[in-house]
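**Student:** All residue numbers for the sequence shown refer to the working numbering, where the first residue is 1 and numbers rise by one.
Hints are computed from structural coordinates only; laboratory data are not their basis. There may be inaccurate statements among the hints.
Claimed, not checked - Beta-carbon label-pair distances, calculated as ranges:
hint: 1; residue 1: E458; residue 2: P192; range: 57 to 67 angstroms
hint: 2; residue 1: A291; residue 2: K495; range: 16 to 26 angstroms
hint: 3; residue 1: A392; residue 2: G477; range: 14 to 24 angstroms
All figures in this text were calculated on a predicted structure; none of them were measured in a lab. Note that beta-carbon positions come from the ideal geometry of N, C-alpha and C, so glycine has one too.
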Amino acid sequence: MDLLVTSTSTIARMTAHQAFTITDVRVFDGRRVVDATHVRVAGGRVDALGNAAIVRAGDALVDGRGGTLLPGLIDAHVHLMPGCTRLAAAFGVTTLIDQFSKPEVIEPERAAVDASSRGTGPVRADMRTSGIGATAPNGHPTLAYAPFPYVTGPADAEPFVQERLAEGATHLKVIYDDGSGRMLDIPPLDVPTVEALVQAAHRHGLPVVAHVSTAAGAVTVARCGVDVLAHVPFDRMTDGEVRDVARTGVALIATLSIADGFPNRQGVMPLLAEPELAARLTPRWRRVLTAQARRWMPPSPPDGAAARDNTIALLESGVRVLAGTDAPNPGLVFGASLHRELRHLVRAGLRPVEALTAATGAAAEVFGLTDRGRLDVGARADLVLVEGDPTADITATQSVRHTWVAGRPVEPETYAGSPDERDGLAWLRENTEKILSGIREMWPGIPAPEDVTRDDGELLGRIVPTAGGWQATTPFGAPLGDVTTREEALDILHKTGLSVLAEPWWVLTLDDARWREAVLVEVRPGRVRLRWTDPMADQPPSGEWFSLDDVELSREPYPV
């Protein structure tokens, strides 16, 4: 007798090797909607597509009514961090293509993915990586990744590629960027070195992805023979530049989601303005995005219009466009942001079907992933079932109903509070501070957070530059008053910095989701000791320690 399963929890209890059939569903195969209503999965592979006749005795049946089944989504441009493959899978992204990471991040994540593929541990997206990218000494992205090996000239090309192969690289990343697209001055590789790297990579069967930020740079690397542009140029391309790039046969990862690194007019990060995606984010990630919206930024963030125009111009000239996010840059979250990227692509002028192909069939084809990106018999059962019809309304991809990686169901609710989440956010915080420290060293005039102390050295709190001014905060980061001028923020701290710590605070523990009143018994870097004011609360007499990653504190009362 067939078993009808509909809920995520029921699907998760299916045995790892149990065959199942998704029924009464619209099927997008990676290029188009096909004439099939049922898809059968057995042994982690797509076994059959057709109608109800493909169902076999003993199959679990997954109700697909009202939904669309897609190949698992592929993000063609990320930079790895701990736990990212698990987070991506929670949003229907089943393959990540890394475009520059170091072995200390790659190896643990690869080991976790390998364990997942053997049926051990939580289900994760699969991954491919370039390993360390090829760049000039002190070139981009030294701020984020130093120390790492540089390429000093054409003679370094072959040994550099050999080293990446030894690290398990599946493609080569080349950085050709002098910073002019971002009003910077950084040393780039020269053209003979780029050509030597491309030739060495191709001798070993590796495709080459090139980071550029300008139209002129895109033309140069395309002529050098690279296979993929890692970004669409940020400045508007001329018709001649579009033709020059298109005739080389290069593919493009648009990364239009970079625009999501800046808050909207309401001061909210764009990802948090998408109800379906925001609800699926964990409280800790929502808090990260909220903090990023308040960070200091230049007064005129980019509007992305030139990048969108370039994307559609290149597509119409025959360039294959792929979907990629550049996560975890500010405003971007693994998995979630790919849905925003699809929306950006459609806004740029792609039809919804073309955007879906950019995140499935086209991405798999360009990176040689012959076993995925298409819903064909024999393909890996990397699948995502979404509500509605994303071939008509691309935002339907945001309503993920179920995801499978090689036939194993993803349990998105298990990520919150897991070591993967904690380790990932700790890495992100450390890496962000490293980048900010480097930026401040290079440009001392950029505003930076400042500790504020009393005459006796007692820490009162901090004043933090934001998008709209300066914010006075407690030592543990809770806002005090409104965003204002630097002088007014200093005045707030001197008047209320310590006295406010003695007042009751409202506390939200992220694993409990209840606001409760507490007093601060002790405050230390990265943690606080709290004692609940509720006399019936079960707690030690001296209170309880909490990591600041696990709590939000506010002076304003919230209903319990």
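**Student:** Could you run down the list of hints and mark each one as holding or not?
**Tutor:** A quick look at each hint next to the structure:
no.: 1; hint: E458 <-> P192: 57 to 67 angstroms; in the structure: holds (59 angstroms)
no.: 2; hint: A291 <-> K495: 16 to 26 angstroms; in the structure: holds (25 angstroms)
no.: 3; hint: A392 <-> G477: 14 to 24 angstroms; in the structure: violated (44 angstroms)
Consistency note: the structure conflicts with earlier hint 3 alone.
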